[in-house]
Amino acid sequence: MGSAQDIVTSEERRDIRNRWLLSAPALFLIAIAAIGPLFVVLLYSVMLKGDYGDVKFWSFSRDGWFEVFFQKDIFDDTVSWADAHIIVLWRSIRLASYTTLLALVLGFPTAYFIATRDEHRRDVWLFLITIPFWTNLLIRTFAIQELIRNEGLVNSVLLGLGVISTPIQMMYTDFAVMLGMAYVFLPLMVLPLYSSMEKMDFRLVEAGYDLYAGRFQVLRKIIIPLVKPGIIAGSILVFIPALGSYVTPRMLGGGKILMLGNLIDLQFDQGRNWPLGAALSITLMAIVMVALLFYVRNASKSGAGHG
Amino acid sequence: MDKGFSIRRMPGFTFIAVACFLFLYLPVITLSIFAFNAGESIALWKGFSMRWFVAAWANTDVREAATRSFQVAFVAATCATIAATMAAIATTRTAPYRGLTFKFAFINQPLMVPEIVTAVALLIVFSRIKVWTGYSGIGYLFLAHSAFCIPFAYMPIRARLESMDLTLEKAAADLYAPPWAAFRYVTFPLLWPGILSGFMLAFVISLDDVVITNLIKSGGQETLPTYMLGQIKRGVTPEINAISVVFLLLSIVVVTVFFFVNKKKV
Chain X
1 MGSAQDIVTS EERRDIRNRW LLSAPALFLI AIAAIGPLFV VLLYSVMLKG
51 DYGDVKFWSF SRDGWFEVFF QKDIFDDTVS WADAHIIVLW RSIRLASYTT
101 LLALVLGFPT AYFIATRDEH RRDVWLFLIT IPFWTNLLIR TFAIQELIRN
151 EGLVNSVLLG LGVISTPIQM MYTDFAVMLG MAYVFLPLMV LPLYSSMEKM
201 DFRLVEAGYD LYAGRFQVLR KIIIPLVKPG IIAGSILVFI PALGSYVTPR
251 MLGGGKILML GNLIDLQFDQ GRNWPLGAAL SITLMAIVMV ALLFYVRNAS
301 KSGAGHG
Chain A
1001 MDKGFSIRRM PGFTFIAVAC FLFLYLPVIT LSIFAFNAGE SIALWKGFSM
1051 RWFVAAWANT DVREAATRSF QVAFVAATCA TIAATMAAIA TTRTAPYRGL
1101 TFKFAFINQP LMVPEIVTAV ALLIVFSRIK VWTGYSGIGY LFLAHSAFCI
1151 PFAYMPIRAR LESMDLTLEK AAADLYAPPW AAFRYVTFPL LWPGILSGFM
1201 LAFVISLDDV VITNLIKSGG QETLPTYMLG QIKRGVTPEI NAISVVFLLL
1251 SIVVVTVFFF VNKKKV
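Residue numbers (this note's numbering), protein chains in the order written: chain X, 1 to 307; chain A, 1001 to 1266.
No lab work stands behind these hints, which were simulated from the structure alone. Nothing here was measured: the structure is a model prediction, and the numbers come from that model. No residue lacks a Cβ here, since even glycine has one placed at the ideal position from N, Cα and C.
Chain X is faced by these chain A residues, among others (derived, beta-carbon under 10 Å):
{"no.": "1", "residue": "1024"}
{"no.": "2", "residue": "1031"}
{"no.": "3", "residue": "1084"}
{"no.": "4", "residue": "1086"}
{"no.": "5", "residue": "1089"}
{"no.": "6", "residue": "1094"}
{"no.": "7", "residue": "1123"}
{"no.": "8", "residue": "1125"}
{"no.": "9", "residue": "1210"}
{"no.": "10", "residue": "1215"}
{"no.": "11", "residue": "1224"}
{"no.": "12", "residue": "1228"}
{"no.": "13", "residue": "1259"}
{"no.": "14", "residue": "1263"}
In silico lysine-lysine, DSS-like type, Cα no more than 25 Å apart, as pairs:
{"no.": "15", "chain 1": "A", "residue 1": "1233", "chain 2": "A", "residue 2": "1046"}
{"no.": "16", "chain 1": "X", "residue 1": "199", "chain 2": "X", "residue 2": "221"}
{"no.": "17", "chain 1": "A", "residue 1": "1263", "chain 2": "X", "residue 2": "199"}
{"no.": "18", "chain 1": "X", "residue 1": "72", "chain 2": "X", "residue 2": "56"}
{"no.": "19", "chain 1": "X", "residue 1": "56", "chain 2": "A", "residue 2": "1130"}
{"no.": "20", "chain 1": "X", "residue 1": "228", "chain 2": "X", "residue 2": "199"}
{"no.": "21", "chain 1": "X", "residue 1": "256", "chain 2": "X", "residue 2": "72"}
{"no.": "22", "chain 1": "A", "residue 1": "1233", "chain 2": "X", "residue 2": "256"}
Only some residues are given here: those of chain X computed to face chain A with a beta carbon under 10 Å:
{"no.": "23", "residue": "149"}
{"no.": "24", "residue": "156"}
{"no.": "25", "residue": "261"}
Construct the complete structure from the given sequences, taking the supplied hints into account.
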């Protein structure tokens, strides 16, 4: 008996070893070109900045992390808050939250609309949501830019109709960045919402109406609690890329409305302050990790994992 | 209860949904229409013309960038798909084993880190390697793209594998097929749609990437998206619209094929 068990375990062991060998190329690629470099970022964040970018290797310094939140006066060395960075950080969180909210307000009814179509029609609607998701983000941001520029279509039409006499300045505002992000990330809200709504049992909704609940009560007391996992998944899926957004604020904010991604890029470009850029990157990643943990905890609590 | 009452209806929802679809498509449609503008403007219609497509085609910068984009996407999607297929076989249809969760987390990691962070991380590492080795070729783009395409290639392949049971492979083994033959004649043909989907997703993801490429490319290594980003900064003619239209069509074709390949299994 004992020996038979040994044979099974050694066979299992061989199977597991083969499985590690098979996954090795993928793990290796990700290790050297995705995860490994993150540790180098961590290392760079505690080094002394080089004169023309890069760092002075192996001379450690706290400056990078210090400068994330504080600044030293160049004349009298008094320490104060780094307002510019805090403004960007706060703006990133605020705009990402607004974007998530806007995507939810637009995406919830849309997902509900799709989920209540005939079964064979749903695929067509879903397909229409999926296409923008797989098309180039740069091009989609460009499309929004074309619409809201001062000489863009929206202003041209409004001017032509005589609604306004001077074009509305929409580009280079918080609004432009938020609209652009909502536009590019909207499919990420609709898809998980749809997948929870699709599974929803409409008999519960019927029961609600039978018990004289109004539409709003059914929505609030039955539908929303039932699709809560989808709401959370969708919100996280929009919030995270919005927070780390780079292309959209760069194009629609035009260097005026910086978000964290642009601030990071700036440190590696004109700023030539790599340790600060590295520390800001870790900060951004930390916020993302907190959001992800929140999601994972909620997902495991409600028992519906996948989003 | 009145006749028109439907339990599935919510007042205003259809309206918002229609508005949402318009919001998704109107900007892209407008952009596409102005690609055919005879005038120089991307907002003022001067009649139909194909001149900007001709101009884009004649532009050597565009052609060079497009060629490079396809080259990178092809290499990256190939490497990512091979690695992802092997990883998917290694992580599905098994009892949980030590390190399985770790593998999932590892493979999906590029999805969880903001692109700009990966981009600066690679910028740091690659610039150091460039100094050490003196090599500043296109290999960096191949490597970076292969890595971040893996999770996208992995998803459909894993999904496909999970819907296949092990019976046929076991039968092949019972008939003394060596593991390689079992893979070649049993697993691979069944898995093929998943592999194709994975390849296409990886290809599109690589083709679309702008953030990572923009930070790690060496001089003269523009891809189509980074070229466009640079042009948009400088002010635009409908030439950019024309390139966008071709790009959009390409993505739509790939996604449509993907959609139908995946439909068939149901």
